[in-house]
Amino acid sequence: MLSFILRRVLQSVLVLLVTGLVAFAMFRYVGDPVDTMLGQERTVADIERLRENLGLNDPFFVQYWDFLGRAVQGDFGISYRQGRPVGEIIAERLPATLELAAVSGVFALGFGIVLGIFTAIRRRGTAANVIMTLSLIGVSLPTFLIGILLIYVFSVELGWLPSYGRGEVTWVSGWPTGFLTSSGLSALILPAITLGLYQMTLIMRLVRSEMLEVLRTDYIRFARARGLRDRTVHFRHALKNTLVPVITVTGLQLGSIIAFAIITETVFQWPGVGLLFINAIQFVDIPVMAAYLMLISVMFVGINLVVDLLYVAIDPRLRAEGKAA
Amino acid sequence: MALLGIEGLTVEFPTRRGTFVAVKDADLTVEPGQIHGLVGESGAGKSTIGAAIMGLIDPPGRIAGGTIRFRGDAISGLDAKGMRALRGRKISMIFQDPLTSLNPLYTVRQQLVETIRLHLDLSETEASARAVELIERVGIADPETRADQYPHQFSGGMRQRVVIALALCSDPDVIVADEPTTALDVSIQAQILDLIKELARERQVGVILITHDMGVIADTTDVVTVMYRGEVVESGPTREVLGNPQHPYSQSLIAAVPRPDVKLGRFPLIGYGGRVTEFRIADLARDWPMPETPRGTPLVEVDGLTKQFQTRRAIRASRRRYLTAVDAARFEIRQGEVFGLVGESGSGKSTLARMIAGLFPSDEGDVRYAGRSINTGRRGVPDWYRRDIQMIFQDPFSSLNPRMRVDAIVAEPARHHGLFTGSALRQRVAELLDRVGLGADAGLKYPHEFSGGQRQRISIARALATQPKFLICDEPTSALDVSIQAQILNILKDLQDHLNLTMLFISHDLPVVRQMCDRVGVMKDGKLVEIAATEDLFAAPGHDYTRHLMSLMPRLDGLSDTALQRA
Chain A
1 MLSFILRRVL QSVLVLLVTG LVAFAMFRYV GDPVDTMLGQ ERTVADIERL
51 RENLGLNDPF FVQYWDFLGR AVQGDFGISY RQGRPVGEII AERLPATLEL
101 AAVSGVFALG FGIVLGIFTA IRRRGTAANV IMTLSLIGVS LPTFLIGILL
151 IYVFSVELGW LPSYGRGEVT WVSGWPTGFL TSSGLSALIL PAITLGLYQM
201 TLIMRLVRSE MLEVLRTDYI RFARARGLRD RTVHFRHALK NTLVPVITVT
251 GLQLGSIIAF AIITETVFQW PGVGLLFINA IQFVDIPVMA AYLMLISVMF
301 VGINLVVDLL YVAIDPRLRA EGKAA
Chain R
1 MALLGIEGLT VEFPTRRGTF VAVKDADLTV EPGQIHGLVG ESGAGKSTIG
51 AAIMGLIDPP GRIAGGTIRF RGDAISGLDA KGMRALRGRK ISMIFQDPLT
101 SLNPLYTVRQ QLVETIRLHL DLSETEASAR AVELIERVGI ADPETRADQY
151 PHQFSGGMRQ RVVIALALCS DPDVIVADEP TTALDVSIQA QILDLIKELA
201 RERQVGVILI THDMGVIADT TDVVTVMYRG EVVESGPTRE VLGNPQHPYS
251 QSLIAAVPRP DVKLGRFPLI GYGGRVTEFR IADLARDWPM PETPRGTPLV
301 EVDGLTKQFQ TRRAIRASRR RYLTAVDAAR FEIRQGEVFG LVGESGSGKS
351 TLARMIAGLF PSDEGDVRYA GRSINTGRRG VPDWYRRDIQ MIFQDPFSSL
401 NPRMRVDAIV AEPARHHGLF TGSALRQRVA ELLDRVGLGA DAGLKYPHEF
451 SGGQRQRISI ARALATQPKF LICDEPTSAL DVSIQAQILN ILKDLQDHLN
501 LTMLFISHDL PVVRQMCDRV GVMKDGKLVE IAATEDLFAA PGHDYTRHLM
551 SLMPRLDGLS DTALQRA
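Residue numbers (the UniProt record's numbering), protein chains in the order written: chain A, 1 to 325; chain R, 1 to 567.
With the rest of the complex left out, here is chain A:
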């Protein structure tokens, strides 16, 4: 078990080194920072001095090593556009994105699993068929359209919920949270639904098809033949067996909720890292882009590690293999 975790952590580190290389390469190959930093009135001597000061004359790997060393300490350099440390800017923005992702993740998982089970058990029922048909809309409509439709209905026409921003935030030990104020909570609802709707329908359809598969197995028939109640059969025996594939997909989806909140954040002007990234691209703010890339890859790697550990926690057969492998 320990060797399994160690091996996974090692692989994760390798992945991070490679993405770090890509992030670092952006500095070198997407424009010359010296050009950007020095104005029109520059001499060759100025350029040389700055190069020397910035360490740009060092060998490639020395520079990469320096970059990694600083990145590990959260130092991604200084934003070209805002002139502030990138780490600081991201730390400001990250809580907004994480809160949004958490809420929409819970929304997607909760509703997705419950509806998935319901549609699998009442496979022939009217309600299940209606839900399945509606879920097609969730899968096929693009995120920005859902966001705009929700804004139109609930903000413009009904006026129930705010159409942009994250409302009033309170600071809890250095973390700006929207969970504690009513305006913060109401501002979360629409973006969270927009961001989570696709994931929810995806999880629901996945849970449903896995459930249908499991309900056909011999051990479910044998559980019924032993006289177990339907509730026990469905929730104790069937559900747990559907979880391994569901966790795989959910893990990846949760990563993309955070990584690709960009569209939702743009539509709702949500002050998160996605919006920051979009602006960074517009202004070729390479330090911010590089930091974002690193942040997202750390998240994906972390989530995948958790997913792998969850497999083992759920399925005893993998424990044995973990030992053997």
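Accuracy of the hints is not assured; some may be wrong.
To be verified - The following label-pair restraints were derived from C-beta to C-beta distances:
1. 213(A) with 550(R): 40 to 48 Å
2. 2(A) with 345(R): 28 to 36 Å
3. 244(A) with 2(R): 40 to 48 Å
4. 322(R) with 244(A): 54 to 62 Å
5. 244(A) with 303(R): 19 to 27 Å
6. 318(A) with 550(R): 37 to 45 Å
To be verified - Heads up, simulated DSBU-like pairs for lysine-lysine below, C-alpha to C-alpha not over 30 Å straight-line:
7. 445(R) with 527(R)
8. 240(A) with 81(R)
9. 240(A) with 263(R)
10. 527(R) with 263(R)
11. 445(R) with 524(R)
12. 527(R) with 493(R)
In case anyone wonders, no lab produced these hints; they're calculated from the structure.
C-beta: ideal position from N, C-alpha, C; glycine also.
Based on the hints, put chain R in the right spot on chain A.
Leaving out everything else, chain R in the frame of chain A:
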């Protein structure tokens, strides 16, 4: 009053093309302590009767007529709640495949405790103690430790014992056992059947034993009911029905069972309810290239073949673990003979066959075919060898590509080796399909349109397409019903007689091996423990393990001798 009585049971499955009657007007009774066998071929409706008793017929199927009574009370009309009160409490069920009937994610104790507490008013600790007691009673050693293990940590036979323990949780009066030993090795089968017999005798449980295996019926049951296409054709005490079958179907079924006690020339085929499809293998002999070597000289020489599978990977060599699947196998297969390989699952028979076929590389040793080594290079076995050998696999459902038309399937090997092209190839394929008894038109269909036996004929036609000299048959009939098995085995016998084919025939079924093979090798744990001429082996087995296997063969002493007379 009978423990369980079924009168006039009819089960229907509505389909788009009209109603399919799975069981028609069936009668059956079970007394306490009695084992009632329900026998018939696939599609006979025997499992449907089991499902009807449990109230587990999958919708849209339904009981259309008749009653099922338990101790005199009708249970066939009960609602879901009433049925649940009986299910598992008074009537329990054991399924065919022990590998899939247990939930893989819970320990044996968790599953037992859950079921015990559902039926009996016990606390968690009391239920847990009872669980351990049950595990012990079904003959699992060290029950306290084993209880906390997961199903995958048990072997197939042990899992079936756990399944039986689960079925016994609430001291049921009736147990419906649906093919309880079909997926198990003979030695495990004998143990499980003994356990079922013991339950019936000591606890006066009434057992319905559903099986397609006449040996199991003869060995275990008191009363037998023979079913054919949903109808009961004959019922009575086992000895009478097996010894003196009245109905023509029972006669044909019993005649088709391979006899363990005497070797017959061919399998007797008594067609009932459908004509036996003819095949004319002899016609193929016209242009068949006859082997150059005379009959009896060694064709295939297996010299010390060894295969190891790594079961634990580790960086340090000392910590790696290996399983030796085949351990220095050494034997020869002579021109024109059928060489049998018998052994229980995991004994390495299939691995050995695959190495001979060149599908697995061997770790050590060599195979010589007609004097030439087949290990000639890195790119697997040479083409001339591939053309000369063909294989027939066990599972007729997964060994044919479902997206290819049958004529393309049969033509593929010949096309690959460039033996025939164009119209000659088409003609060849049509002829092959015709000769195995499918008719040339079969080529236009897809595999799913055929039954298991017909698919196995397609496999044979495909194997014959390159005009091979050596055929490897890996359990070619173990997925088939006995009457179909007899037909397929007859085709194989004809191949040997008319085309002078040499065969390696792998089976776990000793009676079949006795009927098919000239010489037999017995495998145990990767080693060939005995090689002998078939009749010598059956008359006087030399190795302890062979004797052990022989003793487990179901005895069919009381079986009707019609088969002998007709042969």
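Violated hints - listed by number, lowest first = 4, 5, 7, 9 and 11
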